[in-house]
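My request is simple: use the sequences and hints to build the entire structure.
Here is how the chains run, residue by residue.
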Amino acid sequence: MSTARETRLLMISPDSKVTPDQLVRNVHTMVTGLLVKETCYGCLVEGTPETVAALMKLVRERYRNEVFSKRRGYPQGDPRRCRAQHGTRPGFAQLEAEWAELPLIQGALDAFDRGENDYDRPAEKRPLPVSELKNICEAYR
Amino acid sequence: MKVFIDPPNSMILFDLVERLGHEPLSSMAVIQEKVDNIEVDMPPMNVTLDDVVKGLKYAGVEVPSGIRGRLSLWGPMIEAADAAVVINDAPFSFGCVGCDRSNEMTKYLIKRRGIPVLYVNYPSDAAGAKTMVGQIKDFLGGLKA
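Quick mapping for you: the protein sequence lines, in order, are chains B and W.
Numbers given in our numbering equal positions in the first sequence, counted from 1, plus 93.
Heads up: the second sequence at position 119 corresponds to 113 in our numbering, and the numbers run straight through without jumps.
Think of the hints as simulated: they come from the structure by calculation, not from any bench.
Covered stretches of chain W, as calculated for chain B (at least 3 residues, CB under 8 Å):
#, region
1, 8 to 19
2, 123 to 129
Computed cross-link-like contacts, DSBU-like style, restricted to lysine-lysine with a CA-CA straight-line distance of at most 30 Å:
#, chain 1, residue 1, chain 2, residue 2
3, B, LYS150, W, LYS131
4, W, LYS101, W, LYS28
5, B, LYS150, W, LYS(-4)
Computed footprint of chain B on chain W, listed as stretches where at least three residues anywhere in the stretch have a Cβ under 8 Å from a Cβ of chain B:
#, region
6, -5 to 4
7, 28 to 36
Quick caveat: nothing in here was measured; it's all calculated off a predicted structure.
Cβ atoms here follow ideal geometry from the backbone N, Cα and C, with glycine treated the same way.
Next comes the structure, spelled out in structure tokens:
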């Protein structure tokens, strides 16, 4: 696995009052040795994996459930992806759709932080007893 | 533990898995490998001959090359995974994950591996979001034990 650099995408939840400008200014003060680029949804950061891991720890401490992140395969400003140079963004549809879901996820994470624990557990799968199968067959006979 | 996520480029799953202390296996890492080390024009849209051959391990020769190309990326990740979190019927499966047959094959490969899998749905309301996050939290918390 390539380990020379790690590029991260930090996306602000639409429910948050943090602006990309504030996020970028704070990210700059958190860790040294990072390349940061402001974007419409948050920012891109690039550095060594250790630097980025240290940054993510601080970002999650400061913006606990407001900022979400994922890795990015391409480096910042790569002409094959950069909009300024008419690059294509095949992953943008996924990103845009998930951006719309972030307030719900943020709300759920906040609720768990408050100690709420009421949610639907996954149904336990078990073999169907013969008697129940017989009842089903009888019902549709 | 290494957790495979499906859709493999999902930000929500990547963030939640990482937030809960595990290593997410996503398409972005394998694409970075190709961007950094291989001289192809625009990965993952362009693949090498080796990729297509690698894909044969996961799908037959009669399967369209697009599926084999995708599986050559997702397949090794599924083999390396200790667990998986899958979103059912992700409604925007286009872009680089936009092939329903590949998505079906991915689910089949996960099932064949026999690793612990959690199937969740994208939330449409607050209760759904709590269900999704709560189930993922429980599932990933149980993996440590």
